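There are 2 protein chains.
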Amino acid sequence: MLNFELYNPTKLVFGKGQIEKLSELVPQGAKILLAYGGGSIFKNGIHQQVIDNLKGFEIVEFGGIEPNPHFETLMKAVEVIKTEKIDFILAVGGGSVIDGVKFISAAVHFDGNPIDILQKHILIKENAMPFGTILTLPATGSEMNSGYVVTIQATQEKLASGGSALFPQFSICDPTVIQSLPKRQLQNGVVDAFTHVMEQYLTYPHEGYLQDRIAEGILQTLIEVGPKVVENPADYALASNFMWSCTMALNGLIQKGVPSDWATHMIGHELTALYGIDHARTLAIIGPNLYRVLFETKKEKLAQYGKRIFNLSGTVDEIANEAINKTVAFFHTMGMDTRLSQYTENYSKTADFIVNRFDERGWKAMGERQNITLEKLKEIIEMSY
Amino acid sequence: MLNFELYNPTKLVFGKGQIEKLSELVPQGAKILLAYGGGSIFKNGIHQQVIDNLKGFEIVEFGGIEPNPHFETLMKAVEVIKTEKIDFILAVGGGSVIDGVKFISAAVHFDGNPIDILQKHILIKENAMPFGTILTLPATGSEMNSGYVVTIQATQEKLASGGSALFPQFSICDPTVIQSLPKRQLQNGVVDAFTHVMEQYLTYPHEGYLQDRIAEGILQTLIEVGPKVVENPADYALASNFMWSCTMALNGLIQKGVPSDWATHMIGHELTALYGIDHARTLAIIGPNLYRVLFETKKEKLAQYGKRIFNLSGTVDEIANEAINKTVAFFHTMGMDTRLSQYTENYSKTADFIVNRFDERGWKAMGERQNITLEKLKEIIEMSY
Numbered sequence: 001m002l003n004f005e006l007y008n009p010t011k012l013v014f015g016k017g018q019i020e021k022l023s024e025l026v027p028q029g030a031k032i033l034l035a036y037g038g039g040s041i042f043k044n045g046i047h048q049q050v051i052d053n054l055k056g057f058e059i060v061e062f063g064g065i066e067p068n069p070h071f072e073t074l075m076k077a078v079e080v081i082k083t084e085k086i087d088f089i090l091a092v093g094g095g096s097v098i099d100g101v102k103f104i105s106a107a108v109h110f111d112g113n114p115i116d117i118l119q120k121h122i123l124i125k126e127n128a129m130p131f132g133t134i135l136t137l138p139a140t141g142s143e144m145n146s147g148y149v150v151t152i153q154a155t156q157e158k159l160a161s162g163g164s165a166l167f168p169q170f171s172i173c174d175p176t177v178i179q180s181l182p183k184r185q186l187q188n189g190v191v192d193a194f195t196h197v198m199e200q201y202l203t204y205p206h207e208g209y210l211q212d213r214i215a216e217g218i219l220q221t222l223i224e225v226g227p228k229v230v231e232n233p234a235d236y237a238l239a240s241n242f243m244w245s246c247t248m249a250l251n252g253l254i255q256k257g258v259p260s261d262w263a264t265h266m267i268g269h270e271l272t273a274l275y276g277i278d279h280a281r282t283l284a285i286i287g288p289n290l291y292r293v294l295f296e297t298k299k300e301k302l303a304q305y306g307k308r309i310f311n312l313s314g315t316v317d318e319i320a321n322e323a324i325n326k327t328v329a330f331f332h333t334m335g336m337d338t339r340l341s342q343y344t345e346n347y348s349k350t351a352d353f354i355v356n357r358f359d360e361r362g363w364k365a366m367g368e369r370q371n372i373t374l375e376k377l378k379e380i381i382e383m384s385y
Numbered sequence: 001m002l003n004f005e006l007y008n009p010t011k012l013v014f015g016k017g018q019i020e021k022l023s024e025l026v027p028q029g030a031k032i033l034l035a036y037g038g039g040s041i042f043k044n045g046i047h048q049q050v051i052d053n054l055k056g057f058e059i060v061e062f063g064g065i066e067p068n069p070h071f072e073t074l075m076k077a078v079e080v081i082k083t084e085k086i087d088f089i090l091a092v093g094g095g096s097v098i099d100g101v102k103f104i105s106a107a108v109h110f111d112g113n114p115i116d117i118l119q120k121h122i123l124i125k126e127n128a129m130p131f132g133t134i135l136t137l138p139a140t141g142s143e144m145n146s147g148y149v150v151t152i153q154a155t156q157e158k159l160a161s162g163g164s165a166l167f168p169q170f171s172i173c174d175p176t177v178i179q180s181l182p183k184r185q186l187q188n189g190v191v192d193a194f195t196h197v198m199e200q201y202l203t204y205p206h207e208g209y210l211q212d213r214i215a216e217g218i219l220q221t222l223i224e225v226g227p228k229v230v231e232n233p234a235d236y237a238l239a240s241n242f243m244w245s246c247t248m249a250l251n252g253l254i255q256k257g258v259p260s261d262w263a264t265h266m267i268g269h270e271l272t273a274l275y276g277i278d279h280a281r282t283l284a285i286i287g288p289n290l291y292r293v294l295f296e297t298k299k300e301k302l303a304q305y306g307k308r309i310f311n312l313s314g315t316v317d318e319i320a321n322e323a324i325n326k327t328v329a330f331f332h333t334m335g336m337d338t339r340l341s342q343y344t345e346n347y348s349k350t351a352d353f354i355v356n357r358f359d360e361r362g363w364k365a366m367g368e369r370q371n372i373t374l375e376k377l378k379e380i381i382e383m384s385y
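Protein chains in written order, with this note's numbering: chain U, 1 to 385; chain S, 1 to 385.
Bound conformation, chain U alone (with noise of 0.2 Å):
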C-alpha cells in the first residue's frame, strides 16, 4: 500500500428535507452569492427552498454557470463578489456549478492572473472564499472533494485543478432532487461515476486490498441501481444509493494509497471540448478502448474486476476480454452510444489533433504506469471512432 493523508472537512448533509438545515450551515450574517446554472432550480422548486430557508441572509444571485463552466463565465461572478463584498458562496447545482465555484472561491483572492491557476495547475491551499453546496445532479462527487474543472472558451481548454482549501464547508444531497432530472442526465451520472471509481481501480494489482474491495462495492452498487434508477427516479431506495455511490466514486477515499489511471478522463475532456459531448458519454466511449490497447498491461486487474463483479470465469486473457465486453454492455444498458463517429460526423481527424494538443502540453505519457504514449494515445483514439 501506498503512503497517503486523508483529509476531508466537507461536512455532508444527505437525505430528504435536509435543505432545512441550511441556515445553520451558512455562516450567520455572511452576505451570499447564490450561484446557479441554466436555472433548473427555478422548475424543480429548489430555489424557492433556497430563499425560504436562508430568511435574514442578504443574497446576490449569479445565475448562468455553464455545463462544463467557462473561465470567462466565472470570472464575472469573481467581479461581482468584489463589487458586492460578498463573504460566502452557495453553489446550487451539479457538478459543473459546484466545480465553477471552486474556481470563483480559488481566484477571488488569487494574487496573480487567475487564468493561471488553470494553465500552469496551481493548486489552492488558503485564501479560498468559503462556500457551500446544495448538489443537484449527482454524478462528479465535487460535492466533497476539492478538485475542478473549467473550460478556457477562448482556447477550447478543459483543465483540471484543485487544493486543499476548496472542499466545500458543507454540501446539502437530497436524493429526492434527481426526480425532475431528464433521463439523459441520469444516465450520464451514472457512467460518471462509475468510470470515476473505474479510473482509481481499473490500474493493475497492488497491495490496497480494502481499497480495491470499496471500489468494487461502489461499482457493484452503480451497476445494480444504475439501470432501475433511469427508471424510476421517484424510488428512494435506488436515488440515495445512486446519490452516495457518486459521492464516495470521488470524494477522495477510494484512490488513497493506491495507483489510479485518469488518462479517459484527460481525453474525454477533449472530446467534449472539441464536440460538446456531454463528459460521461466521452468517457464511455473512450474507457473500453482504453483498456482493449492498455490490455496487456491491465488484464491481471480486469481479470479480478471479471471475476468479482460479473462472476466471470476462464483464463486470465479471456475474463479480461469477457469484462471489457460486460462493461461496453453495462454502458449500452445505460444509454450510452461508445463510438466518436455517432455523435459527430467531423472525426477522422480527431486523433490527430488530440495527440498534438497533448505533445504541446508536455502529456506525453500518462496512466498509471506512464506507459500511455502519444502512440498509445493515438490508437485508443482511432479505436473510439
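The hints are simulated quantities; they were obtained by calculation from the structure and are not laboratory data.
Just so you know, not all the hints are guaranteed correct.
Copies of the same chain look alike in the list, so a pair counts if it fits in one copy or across any two.
With a cut-off of at most 25 Å between alpha-carbon atoms, the simulated BS3-like pairs for lysine-lysine come out as follows [what the hints assert, rightly or not]: (1) Lys85 / Lys364; (2) Lys228 / Lys307; (3) Lys183 / Lys228; (4) Lys16 / Lys256; (5) Lys256 / Lys21; (6) Lys307 / Lys326; (7) Lys228 / Lys256; (8) Lys120 / Lys307; (9) Lys364 / Lys31; (10) Lys43 / Lys326; (11) Lys85 / Lys349; (12) Lys183 / Lys256; (13) Lys21 / Lys125; (14) Lys43 / Lys82; (15) Lys76 / Lys120; (16) Lys55 / Lys378; (17) Lys85 / Lys228; (18) Lys76 / Lys376; (19) Lys364 / Lys43; (20) Lys349 / Lys76; (21) Lys326 / Lys55; (22) Lys228 / Lys326; (23) Lys82 / Lys228.
Bear in mind that the values here come from a model prediction, so they are computed numbers and not experimental data.
Since the structure of chain U is already known, use the hints to place chain S on it.
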C-alpha cells in the same frame, strides 16, 4: 436509507515513516502533553522517534494510562494540563490511550464535575483541548472518530461517550509499528475491528446497499489478512490492510444511513469491567450468542452475510445458522476462546449481575430494533457461559 450527516475533520497520515511529519502537524509553538500507556513505546523506539521529531517543542510527559483507561488516572492528567499550561495533547498508543486523551480533552475546560461527562453521557461539541495521535495498536478506530470509552474504577463502570469536538486533529498511522506487538494484541485487534463492522452491519436488510457492500469489503479483508498478519506482522501488505481496515471499521463511514446494534459491545464492556477480560475477547464470547438469541430478527441479514462473505447456499435459516458457525470458527482461528467459563471460574452470577446493572441504568431495550429486552440479555449471557 436513513438521513445522515458525515463530518470527519481528522487528517489521517498513513504509511511507513510518516512520523517524520509530526513537527508539521503539531501546532507551532504549542506546549505539548505527551500521553502514553504502560511504556511499550520506550521498548519499540517510538518514544525516541517522537522526541526526535518534536525538537524545539516544550513537552510534558504523562505515562501510565491503563488498558480500559481509568477516569481516576485521566483526571490526574487534567490537573497536569492545568498546572503546566499545556496547549496540545499528543496521544501515543492504542485505543485506550487515545480514548483516554479524548476524555482528558473533554474534561479540561468542562464546566462542572467531569464524572458527569461519563455518567450523564454528555456530548462535547465545543471547548475541547486540541489533540493528535500516533497509533501504535490498530483495533478500535479511535484514531479517526470522536468516541471513547472510559472506566470509572470506583464504580467498576465502563462507559462510552464522545462529541463532535473530540476528533483528533491528526493521526499518524504507520503499519510497521505492529511488528513489535504481542500476538495476543494483534488477534484482539482483528476481532475488535471485525465486530465493529458487525455491530453496524448485522442488523436487518435495509436500503443502505452501498453501506452493506463497504462493510462486507472490510469483513472480507479482515478474514483474508487477519490470520496471516498475526503470524507475519512484518509483512507490510498484511500490516497495512489490517491497520486501514481497523480505521475504516469505526471511523463513522459505514454507520451513516443505516441501523446499528452495539449490544455486543454494551455487554462485552461489562465482562471487561467485571473480570478484566480483553475487550475483543468479550466480543468474541457475546457476539455469536447474541446472533443466536436474536436469530428470528437477524436471520435475513445473517443469510446475506453468509452468502456474500462465506459463499454459503441453502435456505435462509440454514445459511444464517452456518454463518454464525463460520463466525465462531473465524474467532477460533484468531485465537479467541469463545466461552466465558474459559476466562473465569466465577461466572455463574454474571447474567443476573449485568441484568440488574442494566435495569438500574434504565437500559431495558437494546439492539437495532430495541428488542433485546432484559430477558433476552440474560439468555445471551447464560448461553455464553
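Which hint numbers does the structure go against, in order from smallest to largest?
1, 8, 9, 10, 11, 12, 14, 16, 17, 18, 19, 20, 21, 23
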